[in-house]
Amino acid sequence: ETGVTQSPTHLIKTRGQQVTLRCSSQSGHNTVSWYQQALGQGPQFIFQYYREEENGRGNFPPRFSGLQFPNYSSELNVNALELDDSALYLCASSLRGQLQTEAFFGQGTRLTVV
Amino acid sequence: GDSVTQMEGPVTLSEEAFLTINCTYTATGYPSLFWYVQYPGEGLQLLLKATKADDKGSNKGFEATYRKETTSFHLEKGSVQVSDSAVYFCALSDLGSGGGADGLTFGKGTHLIIQP
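Chains as they are written, first to last, in this note's numbering: chain A, 233 to 346; chain B, 627 to 742.
Since the hints were made in silico from the structure, they are not lab data. None of the values given here were measured: they were computed from a predicted structure. A virtual CB, placed ideally from N, CA and C, is assigned to each residue, including glycine. Treat the hints with caution; some may be incorrect.
[Unchecked claim] Only part of the chain A face toward chain B is listed, based on derived beta-carbon distances under 10 Å:
id: 1; residue: Y267
id: 2; residue: Q273
id: 3; residue: A324
id: 4; residue: F336
id: 5; residue: T344
Input sequences plus hints: build the corresponding full structure.
Here it is in structure tokens:
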């Protein structure tokens, strides 16, 4: 059973640029959620994807967008990067309707915006 | 909106001491409650969960009881080990919020340091 994998592990971007982060969900899972974890804070829910469509969104602006592919992997895209976007970005996979049972998290992508 | 409040850290204890990390929540619906642990350089791991009032979640010697009357889910362990040093997050999932999202709402985390 493969776990949740994220790439890249670290990334440095310049303010105003765009970035794409990737996530492969755990085998058998069909739902992917993305979180932003600022230094010293708890993760904040960005959005969730199910059946290749956004299925819920937290308090993040539209420049945060995503995709889910037929194999349930997912991308997080952030446009017009700001310094405050520097954070650890976590991906979690689960079965639809069973997040209350368990969500499996990847190790995250550390994004630094300079 | 939903929120989770947990005690600020760092919490420093000696090995074999008793641990309590307090967690209280505010939710519009009837949430499920979770404790996650994050070891240095790693992602989040589910430690335990409870889905209804008076349920007790337990794992690896850790326990937490869902107290609806006090909206609390305090984490306890009778005898901590150095290997328990990590950041602990209390979280809730409130499918009844009407938002349609399955996202978890996390507290800010409590950094636990166990000294030999």
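Verification of the hints:
no.	hint	in the structure
1	Y267	holds (8 Å)
2	Q273	holds (6 Å)
3	A324	holds (8 Å)
4	F336	holds (8 Å)
5	T344	violated (16 Å)
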